[in-house]
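Participant: Those protein sequences? They're chains A and B, same order as listed.
Quick note: the first sequence, position 160, residue 160 per the numbering used here, numbers continuous.
Quick note: the second sequence, position 163, residue 163 per the numbering used here, numbers continuous.
Simulated from the structure, these hints should not be mistaken for laboratory data.
Think of the CB as a built atom: it goes at the ideal place given N, C-alpha and C, for glycine as much as any other residue.
Please note: incorrect hints may appear among the correct ones.
To be verified - Derived pair list, reagent style DSS-like, types lysine-lysine, alpha-carbon separation capped at 25 Å:
#: 1; chain 1: A; residue 1: K269; chain 2: B; residue 2: K2
#: 2; chain 1: B; residue 1: K8; chain 2: A; residue 2: K201
#: 3; chain 1: B; residue 1: K91; chain 2: B; residue 2: K131
#: 4; chain 1: B; residue 1: K268; chain 2: A; residue 2: K35
#: 5; chain 1: B; residue 1: K308; chain 2: B; residue 2: K268
#: 6; chain 1: A; residue 1: K229; chain 2: A; residue 2: K128
#: 7; chain 1: B; residue 1: K66; chain 2: B; residue 2: K284
#: 8; chain 1: B; residue 1: K123; chain 2: B; residue 2: K91
#: 9; chain 1: B; residue 1: K66; chain 2: A; residue 2: K269
#: 10; chain 1: B; residue 1: K268; chain 2: B; residue 2: K91
#: 11; chain 1: A; residue 1: K241; chain 2: B; residue 2: K339
#: 12; chain 1: B; residue 1: K91; chain 2: A; residue 2: K200
#: 13; chain 1: B; residue 1: K284; chain 2: B; residue 2: K339
#: 14; chain 1: A; residue 1: K128; chain 2: A; residue 2: K200
#: 15; chain 1: B; residue 1: K268; chain 2: A; residue 2: K195
#: 16; chain 1: B; residue 1: K66; chain 2: B; residue 2: K123
#: 17; chain 1: B; residue 1: K204; chain 2: B; residue 2: K144
#: 18; chain 1: A; residue 1: K78; chain 2: A; residue 2: K4
#: 19; chain 1: B; residue 1: K268; chain 2: B; residue 2: K203
#: 20; chain 1: A; residue 1: K229; chain 2: A; residue 2: K19
#: 21; chain 1: A; residue 1: K122; chain 2: A; residue 2: K89
#: 22; chain 1: A; residue 1: K241; chain 2: B; residue 2: K144
#: 23; chain 1: B; residue 1: K66; chain 2: B; residue 2: K52
#: 24; chain 1: A; residue 1: K269; chain 2: B; residue 2: K199
#: 25; chain 1: B; residue 1: K284; chain 2: B; residue 2: K8
#: 26; chain 1: B; residue 1: K33; chain 2: B; residue 2: K268
#: 27; chain 1: A; residue 1: K229; chain 2: A; residue 2: K142
To be verified - Output of the computed footprint for chain A on chain B, the stretches with three or more beta carbons under 8 Å from beta carbons of chain A:
#: 28; segment: 18-30
#: 29; segment: 121-133
#: 30; segment: 137-151
Claimed, not checked - Here are some of the chain A residues that sit facing chain B, going by a computed Cβ distance under 10 Å:
#: 31; residue: N16
#: 32; residue: V17
#: 33; residue: S20
#: 34; residue: E44
#: 35; residue: E151
#: 36; residue: G155
#: 37; residue: V184
#: 38; residue: H210
#: 39; residue: I218
#: 40; residue: A254
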Amino acid sequence: MAEKLLEIKNLKQHFNVGKSNEVKAVDDISFDIYKGETLGLVGESGCGKSTTGRSIIRLYDATSGDVFYEGENVHGKKSKKDLKKFNRKMQMIFQDPYASLNPRMKVMDIIAEGIDIHGLAKNGAERKQMVFELLETVGLNKEHANRYPHEFSGGQRQRLGIARALAVDPDFIIADEPISALDVSIQAQVVNLLKELQEKKGLTYLFIAHDLSMVKYISDRIGVMYFGKLVELAPAEDLYKNPMHPYTQSLLSAIPLPDPNYERNRVRKSYDPASHNYTEKDDVQMREITPGHFVQCSTSEFEALKASVAVR
Amino acid sequence: MKKILQVKDLELSFNTFNGEVKAIRGVNFDLYKGETLAIVGESGSGKSVTTKSIMRLLPEQSAVFKNGEILFDGRDLTKLSDKEMQKIRGKDISMIFQDPMTSLNPTMPIGRQITEPILKHQKISKSEAKKVAIDLLRLVGMPKPELRMKQYPHQFSGGQRQRIVIAISLACNPQILIADEPTTALDVTIQAQILELMKDLQKKIDTSIIFITHDLGVVANVADRVAVMYGGKIVEIGTVDEIFYNPQHPYTWGLLSSMPSLDTAESKLYAIPGTPPDLLAPPKGDAFALRSEYALQIDMEQNPPFFKVSDTHQAATWLLHPDAPRVEPPLSVIERMKKFPGSRYYEGGAV
């Protein structure tokens, strides 16, 4: 695969550190994101997938761990200038298109905010032109620039969120459940738009979602999270065909598909984290079973998985 | 099979400052004993309003019944007084709401919330009602029900709360259970548990369920029959196999092909273009015509009647008229039709 764009190393995000209610939302996860790919991140609510995204883009200060962007460490103390440079390369699309747009700002100003901060437009006319172009890129038109967010439907608002993220010409976009709040028919519109933009601009996505069928459709590789840990990371096809971690298996067996015959025969597996019987001595970590397919396992489980793959 | 509820020519409007919103524009369906009828459609299609009008939960100042009747037990629910309706609501017909986080009272222990409908509708003592409530909690799979009775909603997880809401709705052994997106706010693993629970309970107490959702995967899992709503009308209704393997209405085609499937790798998802119609001024002909590539001239002018596909399957589209041109449905829909005996693309093999 292509070169690494982002390297996340031993990222930890703990809340209420030192108190009795300490939460290890993200607990020591490492993965790479390659240039031009879409990495999907799935898991149930509260597993830390959104926190991971937010920590990477520095909406939270990570407890420990590093994030390298094109080889450069972007966490830790930074000057304002360095931060600005980094912020331009990385943008975020949020889940709720109703809450993520300022209701008192016009669309023109919402989208141009990034342009203004980074001084990308020389004058007012150029700024206007840039906003018009962005609106057209996401399938809206320039008449929309003078309206307020409440005049738009959910799908249109999510398009505005995308236009805002694109305004500073980023390389990498974190999309945090961008379609969960939308209707089925509108979801397909937004997903198609994201794919189209990726082809045109060579964008890299971290796509966070809990809708597994949509994630498989848009992602090249998928990471599965469970209680703050990454338990499996594999190419999308591979993950769905040969899920290896028992949690991934249970997650996949729980998705209902729009096919009554399949539904009548679907058997759901349940996952019990105690079934691993890990002891202090077990060295539990991500290990590569087949090329590109990582599973969190102990040494003995690693041997067993290797053996089962060899049989197949 | 016995018809337990009949909705006939139901029309309902909301009076707003902007004018009259025609939310339901002539809905007809029957509900049979012991079956699960799923109603699907996007937001604003009128699926929730239909069921809320059955429960008479809409504000009477603004929501007006224009026409039609809802027959339950030989009585027209649209004409009952509030008092009479109170005797039915929660007893014969009960409802499970979408958001388990907000449909429970946060200041009341859950035990009292479960006994409330029992004490209201049945002549039994408080201690007996408590016993019934504990049994109900056990029925919905809550561990240590005696202890849990005294706890408040915030002490439960989302899935557990939805179990409690289900326990409340089952408290008086309702004949009809209306579930309005009961699993939309839940994770897939919890969703699977709740769906299994509902199917299990349905077998045990033989109730009829109206299940509202926009998730077609869930529909395929729970439904016996499916009604597809669009723009305040039912556009297609049939058994679950008929809707998934032999759909006839272009809107159903659009819905089915806009969901990615897990085994095929399409390059582009089919997206229904445009947005749902404005029901302040509903379109004259077929409400879906403006978004449909299959629209005929007549779709713009006249509302299509229901055409019969089989005894259990009807669809409101002019494409089924004998004089209509033959059109090819989207590829993914043809793939589905290949599995259905009786469709014109059938390729053999059992369903």
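Participant: Now, for every hint given, state plainly whether the structure supports it.
Facilitator: Cross-check of the supplied hints:
In summary, the hint linking K269(A) to K2(B) is not supported, as the alpha carbons are separated by about 36 Å, beyond the 25 Å threshold. Under the criterion of a C-alpha separation no larger than 25 Å, the hint pairing K8(B) with K201(A) is inconsistent with the structure, at around 54 Å. At roughly 18 Å between alpha-carbon atoms, K91(B) and K131(B) fall within 25 Å of each other, so this suggested pair holds. Taking the CA atoms of K268(B) and K35(A), the gap is near 21 Å; set against the 25 Å cutoff, the hint holds.
Of the pairs offered as hints, the one joining K308(B) and K268(B) is violated, with about 33 Å between alpha carbons and a cut-off of 25 Å exceeded. Proximity of K229(A) to K128(A) is assessed by CA-CA distance (about 44 Å); at most 25 Å being required, the pair is judged violated. Between the alpha carbons of K66(B) and K284(B) the distance comes to roughly 18 Å, so the proposed pair stays at or under 25 Å and holds. Restraint check for K123(B) and K91(B): satisfied, since their Cα atoms lie roughly 13 Å apart, inside the 25 Å limit.
Proposed proximity of K66(B) and K269(A) is contradicted: the alpha carbons are some 49 Å apart, above 25 Å. Our distance criterion of 25 Å between C-alpha atoms is broken by K268(B) and K91(B), whose separation comes to about 48 Å. Distance hint between K241(A) and K339(B) is fulfilled; the C-alpha atoms sit about 23 Å from each other, no more than 25 Å. Of the supplied pair hints, the one linking K91(B) and K200(A) is violated, its CA atoms being roughly 58 Å apart against a limit of 25 Å.
With a CA separation close to 36 Å, the supplied pair K284(B) and K339(B) exceeds the 25 Å bound. Pair hint K128(A) plus K200(A) holds up; C-alpha atoms about 22 Å apart against a cutoff of 25 Å. For the suggested pair K268(B) and K195(A), the alpha carbons sit about 9 Å apart, so the restraint of at most 25 Å is met. Using a Cα cut-off of 25 Å, the hinted pair K66(B) and K123(B) is violated, with the two alpha carbons roughly 37 Å apart.
Restraint check for K204(B) and K144(B): satisfied, since their Cα atoms lie roughly 22 Å apart, inside the 25 Å limit. For the hint linking K78(A) to K4(A), the alpha-carbon distance of about 22 Å falls within 25 Å, and the restraint holds. With a C-alpha separation of about 41 Å, the suggested pairing of K268(B) with K203(B) is violated against the 25 Å cut-off. Distance check on the hinted pair: K229(A) and K19(A) sit about 21 Å apart at the alpha-carbon level, within 25 Å; holds.
Of the pairs offered as hints, the one joining K122(A) and K89(A) holds, with about 20 Å between alpha carbons and a cut-off of 25 Å not exceeded. Among the hinted pairs, K241(A) with K144(B) is inconsistent with the structure: their alpha-carbon atoms are about 39 Å apart, more than 25 Å. For the given pair, K66(B) sits about 15 Å from K52(B) by alpha-carbon distance, which is consistent with the 25 Å threshold. Taken as a hint, the K269(A) and K199(B) pair is honoured in the structure, with Cα atoms around 18 Å apart against an allowance of 25 Å.
Of the supplied pair hints, the one linking K284(B) and K8(B) holds, its CA atoms being roughly 21 Å apart against a limit of 25 Å. Restraint check for K33(B) and K268(B): not satisfied, since their Cα atoms lie roughly 42 Å apart, outside the 25 Å limit. Annotation: proposed proximity of K229(A) to K142(A) is violated, straight-line Cα distance about 44 Å (limit 25 Å). For the segment 18-30 of chain B, the proposed coverage by chain A is not satisfied: 0 residues have a C-beta within less than 8 Å of a C-beta in that chain, short of the threshold of three.
For the segment 121-133 of chain B, the stated coverage by chain A is violated: 0 residues have a C-beta nearer than 8 Å to a C-beta of that chain, whereas at least 3 were required. Check result for the segment 137-151 of chain B against chain A: violated, 0 residues qualifying (beta carbon to beta carbon below 8 Å, three or more required). The closest approach between the C-beta of N16(A) and any C-beta of chain B is roughly 18 Å, which is over the 10 Å cut-off, so the hint fails. Interface hint status for V17(A): violated, as the beta-carbon distance to the closest one in chain B is roughly 24 Å, over 10 Å.
Of the supplied interface hints, the one on S20(A) is violated, with its beta-carbon coming no nearer than about 18 Å to a beta-carbon of chain B, more than 10 Å. The restraint placing E44(A) at the interface with chain B holds, with a minimum CB-CB distance near 4 Å, inside the 10 Å limit. A distance limit of 10 Å between C-beta atoms decides the matter here; for E151(A) the minimum to chain B is near 13 Å, and the interface restraint is violated. The beta carbon of G155(A) comes within 7 Å of a beta carbon in chain B, closer than 10 Å, and the hint placing it at the interface holds.
Because the beta carbon of V184(A) sits about 5 Å from the nearest beta carbon in chain B, less than 10 Å, this interface hint is met. A hinted interface residue such as H210(A) counts as satisfied when its beta carbon comes closer than 10 Å to some beta carbon of chain B; here the least separation is about 6 Å, so the hint holds. The interface hint given for I218(A) is met, as the beta carbon of that residue sits about 9 Å from the closest beta carbon of chain B, less than 10 Å. At its closest, the beta carbon of A254(A) sits 4 Å from a beta carbon of chain B; the interface hint therefore holds under the 10 Å criterion.
Of the numbered hints given earlier, the model fails hints 1, 2, 5, 6, 9, 10, 12, 13, 16, 19, 22, 26, 27, 28, 29, 30, 31, 32, 33, 35; all others are met.
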